[in-house]
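Going line by line, the protein sequences match chains A and B. Numbering-wise, the first sequence is residues 1 to 365 according to our numbering. Numbering-wise, the second sequence is residues 366 to 619 according to our numbering.
Heads up, a few of these hints could be off.
[Unchecked claim] Sample of chain A residues at the chain B side, in silico, Cβ under 8 Å: (1) S119; (2) A265; (3) L269; (4) L271; (5) K275.
[Unchecked claim] To list a few chain A residues with every Cβ distance to chain B over 10 Å, as calculated: (6) N28; (7) G144; (8) S187; (9) S272; (10) L279; (11) I280; (12) F346; (13) L361; (14) T363.
No lab work stands behind these hints, which were simulated from the structure alone. Just so you know, these numbers come straight off a predicted model, no measurement behind them. Glycine is no exception: its CB is placed at the ideal position from the N, C-alpha and C atoms.
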Amino acid sequence: MAVIQHSPHEDLPPPVSQTGIIGWLRQNLFSNWLNSLLTLLAIFILWKTVVPLVEWAFIKADWVGTSRDDCDSGGACWVFVSVRFKQFMYGLYPEAEQWRINLMAIMFVLLMIPMFIKSFPWKKWLGMFILFGFPIVGFYLLSGGAFGLEHVETSLWGGLTLTLVLSAVGIVAALPLGILLALGRRSEMPIVRALSVAFIELWRGVPLITVLFMASVMLPLFLPEGTQFDKLLRALIGIVMFQSAYMAEVVRGGLQAIPKGQYEAAEALGLSYWKSMGLIILPQALKLVIPGIVNTFIALFKDTTLVLIIGLFDLLAMIQSATQDTKWLGFSIEGYVFAAVTFWIFCFGMSRYSQALERKLHTGH
Amino acid sequence: MTEDFAQTNEKLAVEIIGMHKWYGEFHVLKNINLEVRRGERIVVCGPSGSGKSTMIRCINRLEEHQRGKIIVDGIELTNDIKNIDQIRREVGMCFQHFNLFPHLTVLENCCLAPIWVRKMPRKEAEEVAMKYLERVKIPDQASKYPGQLSGGQQQRVAIARSLCMNPRIMLFDEPTSALDPEMIKEVLDVMVELAESGMTMLCVTHEMGFAKTVADSVIFMDGGEIIESNKPEEFFSNPQHERTQLFLSQILQH
Numbered sequence: 001m002a003v004i005q006h007s008p009h010e011d012l013p014p015p016v017s018q019t020g021i022i023g024w025l026r027q028n029l030f031s032n033w034l035n036s037l038l039t040l041l042a043i044f045i046l047w048k049t050v051v052p053l054v055e056w057a058f059i060k061a062d063w064v065g066t067s068r069d070d071c072d073s074g075g076a077c078w079v080f081v082s083v084r085f086k087q088f089m090y091g092l093y094p095e096a097e098q099w100r101i102n103l104m105a106i107m108f109v110l111l112m113i114p115m116f117i118k119s120f121p122w123k124k125w126l127g128m129f130i131l132f133g134f135p136i137v138g139f140y141l142l143s144g145g146a147f148g149l150e151h152v153e154t155s156l157w158g159g160l161t162l163t164l165v166l167s168a169v170g171i172v173a174a175l176p177l178g179i180l181l182a183l184g185r186r187s188e189m190p191i192v193r194a195l196s197v198a199f200i201e202l203w204r205g206v207p208l209i210t211v212l213f214m215a216s217v218m219l220p221l222f223l224p225e226g227t228q229f230d231k232l233l234r235a236l237i238g239i240v241m242f243q244s245a246y247m248a249e250v251v252r253g254g255l256q257a258i259p260k261g262q263y264e265a266a267e268a269l270g271l272s273y274w275k276s277m278g279l280i281i282l283p284q285a286l287k288l289v290i291p292g293i294v295n296t297f298i299a300l301f302k303d304t305t306l307v308l309i310i311g312l313f314d315l316l317a318m319i320q321s322a323t324q325d326t327k328w329l330g331f332s333i334e335g336y337v338f339a340a341v342t343f344w345i346f347c348f349g350m351s352r353y354s355q356a357l358e359r360k361l362h363t364g365h
Numbered sequence: 366m367t368e369d370f371a372q373t374n375e376k377l378a379v380e381i382i383g384m385h386k387w388y389g390e391f392h393v394l395k396n397i398n399l400e401v402r403r404g405e406r407i408v409v410c411g412p413s414g415s416g417k418s419t420m421i422r423c424i425n426r427l428e429e430h431q432r433g434k435i436i437v438d439g440i441e442l443t444n445d446i447k448n449i450d451q452i453r454r455e456v457g458m459c460f461q462h463f464n465l466f467p468h469l470t471v472l473e474n475c476c477l478a479p480i481w482v483r484k485m486p487r488k489e490a491e492e493v494a495m496k497y498l499e500r501v502k503i504p505d506q507a508s509k510y511p512g513q514l515s516g517g518q519q520q521r522v523a524i525a526r527s528l529c530m531n532p533r534i535m536l537f538d539e540p541t542s543a544l545d546p547e548m549i550k551e552v553l554d555v556m557v558e559l560a561e562s563g564m565t566m567l568c569v570t571h572e573m574g575f576a577k578t579v580a581d582s583v584i585f586m587d588g589g590e591i592i593e594s595n596k597p598e599e600f601f602s603n604p605q606h607e608r609t610q611l612f613l614s615q616i617l618q619h
């Protein structure tokens with residue numbers, strides 16, 4: 001019998017054609033003649049579109065100045081945006097009071113920072129404050145009329161401020177209402193179930209524009225004469241009702257994905273309905289539907305631009321009215337690009353946050 | 366640990382009198398009569414679909430019965446939510462698929478009900494939970510999530526979770542049928558130990574070895590009826606009913 005001498009083989013680097021930039025290029029872009037052709041075509045299209053865009057937006061753009069005369073280099077005229085920037089942010093909010101909005105924004109950011117610090121011990125309480133306490137502080141800061149702050153009519157609120165107020169209130173109110181509706185729709189009590197189904201189907205059945213029109217035009221007709229009902233509040237109620245119906249269906253999807261055994265285990269331990277929902281079912285169901293919930297939030301955020309048609313001036317409406325200013329005619333593209341980028345930043349932020357949340361809550365292994 | 370669950374009270378733990386249940390048109394349970402004394406260990410067996418799980422699930426109202434009486438720990442099960450909640454506090458249950466809460470750690474799984482149902486302070490609940498986790502021999506897994514444990518470990522956590530509520534009666538619904546063979550033993554060991562401590566147990570299982578060692582009586586069900594009820598030695602060596610004989614010959618073949 002032959003004795004085979006075994007000596008460990010040392011690790012060799014893989015062949016050059018498999019790794020590194022050349023390997024990657026060969027595998028992904030030039031694996032055969034068709035792919036090579038498509039790659040070249042794609043490069044050509046990118047060259048024809050991205051290069052002029054970068055040139056327009058950055059290289060040839062004008063950044064500083066005070067009037068349209070400063071825009072003479074042929075690229076984008078960001079001067080238009082920078083001159084109008086305050087209006088885009090604050091709408092018609094009185095200039096002397098704008099510090100209140102800034103203060104609110106700074107407070108929000110400062111409050112949010114600890115939420116992202118892993119070891120911060122009072123996250124639960126801080127979260128509660130952000131959800132329930134901060135809106136009250138924010139309301140008094142924005143609206144005034146108390147604590148020595150001058151009252152600012154909601155008709156003066158506008159720009160990005162209004163967009164954020166509408167979407168923040170919409171998000172904070174639509175989620176709990178949606179959860180209640182979803183639970184109601186799965187309830188064993190026939191009246192509760194019927195009411196939930198009716199509510200959800202009614203609001204899902206009409207377009208948001210109709211809801212907003214109803215809120216601003218029709219609703220005052222039904223109210224007793226002389227009742228003053230803030231237009232912003234009416235729009236907010238409409239948005240919350242509308243989005244909560246969508247939210248309810250998203251949450252219901254999550255509730256249905258929870259195995260029956262979880263309900264039974266909670267019941268068998270003697271947990272009451274609300275405790276088993278709050279401690280066992282909802283934490284799991286909501287985690288499952290984070291993508292759907294964030295989807296609804298993003299849709300809500302973008303839908304707030306529809307308040308334009310009932311005469312509220314959100315970010316998009318402010319930009320649109322600025323483009324009609326005779327001094328700045330012809331710069332609507334810059335305005336709309338600015339609007340698009342701003343909306344994209346917020347929506348992308350929400351999307352990333354939801355992904356981080358999903359990873360954090362993952363316990364499946 | 367023998368003194369924990371020993372009961373001096375002579376009352377019956379569970380009493381079922383003339384109970385019937387239907388699923389729609391289907392008559393699943395027919396005239397069930399059963400008495401379980403305190404500290405008694407009863408094993409329920411029978412072919413699948415015979416209604417054995419349904420029967421023990423009626424005892425803590427996971428299923429509703431339509432006719433007859435169920436009296437648990439002196440309280441009659443009615444539609445009254447108060448009675449149901451009171452009974453569920455005293456009756457622990459283990460399921461075939463464990464049904465641990467996947468979003469909570471093992472320790473949190475165990476503490477949840479004592480804290481929220483028994484209003485126990487968190488610290489005390491954690492001490493109790495650790496005591497029972499030690500009893501089922503997995504205190505070192507307390508901070509893990511159920512998804513990180515093996516099936517046998519999960520089922521032992523589920524048993525510990527039920528025990529944390531300090532129940533007077535334990536129901537087991539096929540606790541080992543979803544487990545790999547090598548994990549069945551670790552769960553059965555815990556159950557045997559629990560039985561030896563004097564806990565009143567109703568156990569749906571096909572583990573005939575377990576039935577022989579710990580059961581005070583074995584009940585055989587078929588077609589929604591209790592066909593035969595006897596002491597284990599009698600039940601296995603001298604089954605009375607034809608259907609029992611057939612069932613035993615089938616499961617004891619291998």
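Item to complete: Would you check whether S119/A satisfies its interface hint, that is, whether its CB is within less than 8 Å of any CB in chain B?
Response: violated (17 Å)
Practice prompt. With 10 Å as the threshold, tell me whether L279/A passes as away from chain B on beta-carbon distances.
Written response: Answer for L279/A: violated, closest chain B Cβ roughly 6 Å.
Item to complete: Using 8 Å as the Cβ threshold, decide whether K275/A counts as touching chain B.
Response: holds (5 Å)
Discussion item. Can you verify the interface hint for L269/A: is its Cβ closer than 8 Å to any Cβ in chain B?
Written reply: It holds, given that the least Cβ distance between L269/A and chain B is near 4 Å, below 8 Å.
Discussion item. The output says G144/A does not contact chain B. Does that hold with a beta carbon cutoff of 10 Å?
Written reply: holds (43 Å)
Worksheet item: Beyond 10 Å from chain B, beta-carbon-wise, is F346/A?
Response: Non-interface label on F346/A holds, nearest chain B Cβ at 29 Å vs cutoff 10 Å.
Fill in: Interface-negative label, S187/A against chain B, beta-carbon threshold 10 Å
holds (15 Å)
Worksheet item: Can we keep the A265/A interface hint, with Cβ of chain B closer than 8 Å?
Response: holds (4 Å)
Item to complete: Over 10 Å to the closest beta carbon of chain B is the bar; see if T363/A clears it.
Response: Given a closest Cβ separation of 4 Å, the condition is violated.
Worksheet entry | Given hint L271/A near chain B, where the shortest CB pair must fall under 8 Å | Cβ of L271/A sits 6 Å from chain B, so the hint holds.
Worksheet item: When you look at the beta carbon of S272/A, is every beta carbon of chain B farther off than 10 Å?
Response: violated (7 Å)
Discussion item. A cut-off of 10 Å on Cβ-Cβ distance, and N28/A was said to be off the interface with chain B. Does that hold?
Written reply: N28/A is indeed farther than 10 Å from all Cβ atoms of chain B, at 35 Å.
The structure is inconsistent with the numbered hints 1, 9, 10, 11, 13 and 14, although it conforms to all the rest.
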